[in-house]
Amino acid sequence: MRLTTITIVLVAAVGCSSSEPQSQQSSSAATSTPEVLGPPASQAGSSILADSGEIAPLDPSKFNKTPGYSPYAGRNYPERVYFGDEHVHTAWSVDAGGGGTTLGPEEAVRFARGEEVVSTSGQPVKLGKPLDWVAITDHSDAMGVITEIKAGNAEMMQDATIKRWHDMFAKGGKEATAAVFELVAAQAGKKLPPLITDPKFSKAVWDKNIAIQEKYNEPGRFTAFIAYEWTSNAGGGDNLHRNVIYRDGKARAEQVLPMTTFQSENPEDLWKWMAAWEQKTGGKLLAIPHNGNLSNGRMFALGTFAGDPMTRQWADERQRWEPLFEALQMKGQSESHPSLSTTDEFAVNYELWDRGNLTQTPKKPGMIQYEYLREALKNGLKVEQDLGANPFKYGMAGGTDTHNGLVAAEEDNFFAKFPTAEPSAERWNENAMNFEGRIVKGWEMSAAGFTGVWATGNTREELWDAMKRRETYATSGPHIIVRFFGGFDFTKADISRTPAAVGYTKGVAMGGDLKTAPAGKAPTFLVAALKDATSGNLDRIQIIKGWLDKSGKPQEKIYDVVWGDADRRRIVSGKLTPVGNTVDVATASWTNTIGDPELITVWADPDFDPSVRAFYYARVLEIPTPRWTAYDAAYFKIKIPNPKVPMTTQERAFTSPIWYTP
Amino acid sequence: MIGRLLREPLLHFALLGATIFGAYRFVAPPASDASEIVITADRVASITAQFSASHGGRPPREDELRAALNAYARDEMLYREGLALGLDRDDPVVRNRIRQKTDLLSEDALSREPSDDDLKAYLAANQAEFDIPARVSFEQIYIDPDRHRGEDPAAVVARIREALTLSHLPGTLGDRTLLPATMTEALPDDVEVVFGNEFAKQLAAIVGDGWAGPFTTSYGLHLVHITHRGEPTRATLADARDVVAREWSRAQTAKVKEQFYQTLARRYTVRVEPDADAPRNARK
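Taken in sequence, the protein lines are chains A and B. Residue numbers for the first sequence follow the working numbering, so the first one is 1 and each next one is one higher. Residue numbers for the second sequence follow the working numbering, so the first one is 1 and each next one is one higher.
These aren't lab readings, by the way, just hints derived from the structure by calculation. The model shown is predicted, which means the values in this text are computed figures rather than measured ones. Check before you lean on any hint, since a few could be wrong.
[Claimed, not checked] Derived DSS-like pairs (lysine-lysine); straight-line CA-CA distance at most 25 Å:
1. A:K163 to B:K101
2. B:K201 to A:K171
3. A:K171 to B:K255
4. A:K215 to B:K257
5. A:K215 to B:K120
6. B:K255 to A:K215
7. A:K171 to B:K101
8. A:K364 to B:K255
9. B:K201 to A:K129
10. A:K126 to B:K101
11. B:K120 to A:K126
12. B:K201 to A:K208
13. A:K208 to B:K255
14. A:K215 to B:K101
15. A:K284 to B:K257
16. A:K575 to A:K492
[Claimed, not checked] One-sided and incomplete, this derived list gives chain A residues near chain B with beta-carbon spacing under 10 Å:
17. W92
18. K215
19. P219
20. E278
21. A528
For glycine and all other residues, C-beta sits at the position ideal for the given N, C-alpha and C.
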């Protein structure tokens, strides 16, 4: 019985485009409140009156370039990392609601802020560490007109019947109830005034979602982004999904309904829509793709959606709208695959969902190389060399993609993706997905991930700007703090208590660019990491380098640059000796007697060729700790006899790359 | 008496429930509608707008508009035929959409704006939830036991304490760390996120001036000096109006939804059928 339910739910997830055409909103779009909106398109880019006034993006090149005497004054660079989730579904998403989720956007935001809620399956749950921000990315949905009528929408008031209902609602009590009666009867009798059935009024839910985010968005304390997911399943299941994140608030967001896959499932059309949106409203948007691993070779294909060769303009567009990629989430990681990164011992068996696409249609040989970010970063160098633009210049993000409203991605607090997979003694062995016998098991779900954003403050504008400049990293769950700076002049003397002060002065932060190397100098990197207060110690920091060799072929190499227990570990024939393992699976516990609480170093590329393109990013690994499956086994007192089920994990963080371009 | 009754929210729910769940039963769609698909001028305008939005602002040519209208009509036919065949029944997606619409309809129709008295009463009843706990400013010196192997931690601490009495700057003492040397005007939650739960508790318990500790965290040992401890702030409606209104609305919505559901529940009986496949002797 349970199996059937899950199957249906996922079919719904795939076919979630609405059967009702949703207007993309012409200029006559319904707006429920007569606020001052953005200027006409012709004035876009000039100074604009918005709901919160214009806040110009920071110029990272000015971060701390002229330090004064006081070490504390004038720190205009990001001093704090803000953790959040850019990928959350609630009961308002068709597939989530269809799966039984009862928690809506309001409960989801409250949970992300650290409040205790009751899950759909009736279990009380609270985050171990509250998040600093969240983006609820439900699918927009056509429904509801009552709010429009009650608000006295000007266009609707032209209709005598609707106007009468509005007045009845305004009077309240018996009159309001009578209006509801009339409205419902008219709906049942197909006698509704035509204005009401016009799809452009289907924005009630979108407006309501915006209203909730506005209520919970408290600048400086907690950021609630306005956002949605555009869910393109090309060819019936090739995952090309994108989360669209708004920099702006209500006044701009409510002018236009979200793009739907009914309009187009081509990401190039989403970029056009985003451009049109920015033109119309004067606001700003960015998109975050996810689950390349379920795209059957399409996420990072070396061609356009239609299969035509890429052009420079196409590459520019992609990079312009998509600064980040979600490399970690509950449906597996899309950062690297062991068949592509054959020397990467930490990619082996790490949260891989690599058998099929979203409907588990099996992969064919040759698909995987276009699904993982590291390969795309490498291919991007080649495309840039050939076309003059890099379409895959992605920074790192992590999200949960939860569908039960709960961003509970902590291993000891994992509430999984659907209500059916909330904690139970059986969930590890049930089917997380089942398409005609093509099954993903419950234990394969990954308790991940979050995005760390280095921003100057906790506001929509500051966080969004940091995402846009890719000053972000992905974590598999723990709030590991990671600093990563690149430049040509870092030395061991820069290892200090405040790496950022020297980092921004002498180099660029994660997500940045290094241009032409000074003669005789190789790139140097200042990298530091601090463990999460309640998670495992750190095993090591690695720097992953990708480059084009002389023949134009992409290459990669992984360097261990600093590690814990340095007094007893060394590199033996190119490999660092393992940190060890203190996990007691039976009790789901470990000790921090191995590894280090923090690591910092300066590393210079020993194999640098100044004439070829390259990128570098940091990967931080924790010591082994119990995976959620071990916490399940211990709590429910069950045996998990299947040796394929991992019971320990090495939590990790990946930073956005720093690119070197000669 | 009637007037007071009509102001009773419960009666409104009863009427609304009767409306939503009764109207469909008694108001059947006129038969003549079934074979006629009317594409209104508004619908044409909307389809046109949608077309041009996905074609760089260009309006459809006549043949393109005709194709779009045909597609709309075809969808409508399939939709109606599907409804006639009852394909909307037993479909969890459709079921959920309609449940959700009903939910929002009832919520919207009966929601109201709070009055000042509502908010005052809510704040008074939930005062602690809105009060801001005492903020604290402190500095800390970190000792990493790994970097002092073979040394008595107490000796390391004593050495640092002595240096402090000689007016060394705290920021130069102890071991290098990425942990903040100072936190300013921090709420207890902020401290807990950075240093962990135990540290936050110990910090709250410090009395008197001077350097306290060492306290143990998952990072190592810490000496702590509180530079300023604030007072908790009692929330007033003037300061916290938005937040109180948000919480009031949420509580109010939960309350009216539950009342609505209870009203409905009185109109239904729920019967669980025995399992027909169960072995017959099990029922004996």
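> Broken hints, numbered, in rising order?
Replying inline: 2, 8, 10, 11, 12, 15, 19 and 20
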